[in-house]
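Number of protein chains: 2
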Amino acid sequence: MKGKFIGVGVGPGDPELMTVKAVKIIKSVPVICAPRSSPHRPSIALKIIKNILKKRNDKYEVIEPVFPMIENKENLKKYWDHAAEIISEHLSEGKDVAFVTIGDPSLYSTFTYICRRIKKKFQVEMIPGICSFTSCAASACLPLAEKDETLLILPNVNKKIKKIIGYVDTVVVMKTSRHGNLLKKIVEEDPRKKKIISVVNCSMKNEKIVEGFVEDGGYLCTTLIKFLSE
Amino acid sequence: MKGKFIGVGVGPGDPELMTVKAVKIIKSVPVICAPRSSPHRPSIALKIIKNILKKRNDKYEVIEPVFPMIENKENLKKYWDHAAEIISEHLSEGKDVAFVTIGDPSLYSTFTYICRRIKKKFQVEMIPGICSFTSCAASACLPLAEKDETLLILPNVNKKIKKIIGYVDTVVVMKTSRHGNLLKKIVEEDPRKKKIISVVNCSMKNEKIVEGFVEDGGYLCTTLIKFLSE
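Line by line, the protein sequences are chains A and B. Residue numbering for the first sequence follows this note's numbering, beginning at 1472 and increasing consecutively. Residue numbering for the second sequence follows this note's numbering, beginning at 1472 and increasing consecutively.
Heads up, some of the hints might be wrong.
Note: identical chains are not told apart, hence a pair may lie in one copy or across any two.
Computed cross-link-like contacts, EDC-like style, restricted to lysine to aspartate or glutamate with a CA-CA straight-line distance of at most 16 angstroms [unchecked claim]: (1) Lys1498 - Glu1487; (2) Lys1526 - Glu1556; (3) Lys1518 - Asp1687; (4) Lys1521 - Glu1535; (5) Lys1475 - Glu1487; (6) Lys1526 - Asp1552.
Source of the hints: derived by calculation from the structure; they are not laboratory data. What you are looking at is a predicted structure, and each value in this text was computed from that prediction instead of being measured.
My request is simple: use the sequences and hints to build the entire structure.
Below is the structure:
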């Protein structure tokens, strides 16, 4: 019997925003895989689940592969291949492996790359998680879309945004603090009235909600732009 | 002391896809408000939380306002006003009221209309829920977006889709079974290769996952369209 590979979304940061199903899996799975961006930086996903793990009395293993934030795809592939190999060893031994990922595993998650390598040989399951932008909307108490309104999700700030923004009612832009000024310029060129809110470290203890854009919000900064119709 | 109005997302259907926070609130709040579309049809959100309520030993109240699926906005406003009045009475008596909503309260939820009426006088809080489309992606084991890919969420099928679809990498269309043929036509006109999956009653016992479009999937039918780059 081979093990199952489970992508588990652990939500935006507050451990109480994990689903009952995610908690159940993290409490019982023999191997937990928590990605991190550097050997010197702890995994955010692992931090979210740490109190659940503390309460476990059984034996389990945590593996923490490093996926550095580099642009070179060929180099990245080596890291993904390596992580997939280690995970496959555990699965071959019949152990289920939970890959914990901040937010939701179907949206901009490293899980996608690992999953692609694993699913040729092993059973894969995905557990959805609360995604950053609905959590940001909740923190800001801002409805994202209603009735016929359309919602566009952009993973970062780039010039392509210009072409699409005019066609939609609400835009969510992630990791906005990197190019906040460019985003500001593009959005201000749109003649419609708008409500703009940026949320930094959503649902975490150091959460910050700001009207407008943020220039130095760090990695977990999301901007919600709602165009208002009269 | 006035009560607090809490919009609680209860996720797509599987009670285990509720967050720990949502469960905690539903276990303790004195008044639960569960919307339904007709006096003859039970509330879907109430069905999701019914086993949590069954285990409660204390006194609580459930109110089930009807929000009919009609197009006339003036008539709808009367229903929203009426529900807001009843909720306000409980809040004035110092009781917290949890408004349970399928999916997430910031996305296409009746909570928005009630919230707008309540927040002038009372404190409002939102608890995010797993939204239908990330749950559909998990069920279908389909990553929605990665790297620079953009994601567009459309609440229904209409001709406006044509203008936007060419600019994005992934499109989620909700309630697709109403105009499945129109959607099919629009998507097929796009020259790109694509993967199309429709999910009916996601995460529920009668969940159905179909390649392509669905014509008679009922109310809870979502289609995921992923355009593939070479």
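Homo-oligomer pair classification [Asp1552, Lys1526; C-alpha up to 16 angstroms] | For Lys1526 and Asp1552, neither the intra-copy (32 angstroms) nor the inter-copy (47 angstroms) Cα distance is at most 16 angstroms.
From the Cα coordinates, with 16 angstroms as the cut-off, is the pair Lys1518 and Asp1687 best called within, between, both, or neither?
-> Result: close neither inside a copy nor across copies, 23 angstroms intra and 44 angstroms inter.
When no copy is specified for Lys1475 and Glu1487, does a C-alpha distance of 16 angstroms or less occur within a copy, between copies, both, or neither?
-> neither (25 angstroms within a copy, 19 angstroms between copies)
How would you label the pair Lys1498, Glu1487 (within, between, both, or neither) given a Cα cut-off of 16 angstroms?
-> Classified as both; 14 angstroms inside a copy, 14 angstroms across copies.
Using 16 angstroms as the alpha-carbon threshold, which applies to Lys1526 and Glu1556: within, between, both, or neither?
-> neither (29 angstroms within a copy, 45 angstroms between copies)
Measure nothing new, just compare the shortest in-copy and cross-copy C-alpha distances for Lys1521 and Glu1535 to 16 angstroms and report within, between, both or neither.
-> Within one copy, since 13 angstroms is at most 16 angstroms while 39 angstroms is not.
Comparing the model with each numbered hint stated earlier shows that hints 2, 3, 5, 6 do not hold.
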